[in-house]
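The primary structure of each chain is shown beneath.
Protein chains: 2
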Amino acid sequence: MKVLLVHAHPEPRSFCAAMKDRAAAVLRAGGHEVVISDLYAMRFDPVAKADDFASRRDPEYLVYALEQRHAFETGTLAPDIAAEVEKVLAADLLILSFPLFWFSVPAILKGWIDRVFLSGLFYGGRRFYDRGGLVGKRALCLITAGARSSMLAEGGIHGPLEGMLRHLLQGTLGYVGYRVPRPFVAWHVPYVDRATREGYLAALERYLSEVATLEPLPMPSLDRFDAAMRPIPSGNREG
Amino acid sequence: MKVLLVHAHPEPRSFCAAMKDRAAAVLRAGGHEVVISDLYAMRFDPVAKADDFASRRDPEYLVYALEQRHAFETGTLAPDIAAEVEKVLAADLLILSFPLFWFSVPAILKGWIDRVFLSGLFYGGRRFYDRGGLVGKRALCLITAGARSSMLAEGGIHGPLEGMLRHLLQGTLGYVGYRVPRPFVAWHVPYVDRATREGYLAALERYLSEVATLEPLPMPSLDRFDAAMRPIPSGNREG
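One line per chain: the protein sequences are W and F, in this order.
Each residue of the first sequence is one higher than the last, beginning at 1 in this note's numbering.
Each residue of the second sequence is one higher than the last, beginning at 1 in this note's numbering.
If you're looking for bench data, these hints aren't it; they were derived computationally from the structure.
Which copy? The list can't say, so a pair holds if one copy fits it or any two copies do.
SDA-like mimics (lysine to any residue), calculated; alpha carbons at most 20 Å apart, straight line: (1) 49 with 63; (2) 49 with 15; (3) 49 with 145; (4) 87 with 69; (5) 49 with 14; (6) 137 with 220; (7) 49 with 18; (8) 49 with 85; (9) 2 with 35; (10) 49 with 146; (11) 2 with 211; (12) 137 with 217.
Owing to the predicted nature of the structure, the values given are computational and were not obtained by experimental measurement.
Turn these sequences into a full structure, and let the hints steer you where they fit.
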């Protein structure tokens, strides 16, 4: 299996980085090929902007998604984007490794998504969810959080983590076609002792050993919606 | 009323920019003071990183939130962050104006939140939601979306917009104490005609004229949780 591990933490010695390193080591020991994009180390530019396109379809008015299509078709994508796109396409498994910043990814990782998940290639028209460009691949999130797990659960003060991360798990990873198991989360990280951290790393190893069989989160299916994205009454569905 | 309008669109002539301009004009005509942070025009740096802190509490190991507290207390915040913090604190109303990128904000706006919403000042310890640092203020989102409204509704393919934006509406704006009415959304923007766009701008004016009375979205209350963030049985709540 080919794995792309995209890591986004500003402190190279963080526990999040330790999780990333352990994940890479375990997967490599299992015979998998692991490529790492360490966004802070790469000084990855997260801002989607006009300069991303050397040759514009419309130099007067920027529609970012349309320029993404044009640049991909004409081979004029900015080199830093093109390199990441190639890595994503080559990988059977995408792993996002990040600390929870405002119940989402840090901006440097959000911008990696904004710039790399190309319109036309990753999705477009009716090609999303179970018809997305990356159908057949898996994506995982490895997360460090300051909160306790009970705070991001049903009945907890913030509600379930999967609800907070719906924009990422469903709206981004599921949208382009990935199968997405529940994230791996190390909770309360700044406050726990070394033994608890060691326990997280051991649990991470178990999680990754089961990656091929982890149940994916439920995602919408295009089969249930017509061309105008109206729900199809269940009696009229194809198949 | 003092208003801070934070705008994040890469095309200065976009419909999103037209909404921002109309909002500013209407609010100014209503006697309000409007400050605009146009993040693309400012070339705002969205990456939370060690360089944000001139004088580190711990130069060896970066915990971003702890360095935020230290830098604020010692007046050593990076000038671009300090300027935005001051604008946020001065404003009774915060307006975020942005195109929906991956069911969330563009990275440049995510990074504005990551860097500007300071630990210790905006939140910290048990100071969040109805005890957050910005209690008493309001925050609105003005959004342009490519999707049709029916796709981001109950029963629609993506589910309700408020669910996708939970990380922003509740997890960010609500978390620091803002009252947050439902967002204003212009749907299907790349595909609609001029009359529909004019209709959106007129609807935006009505929305803003009602801003003081718009019902806020429901948010969690700290009153319902004990010091360890365990739910308090309803019979035992204070008040």
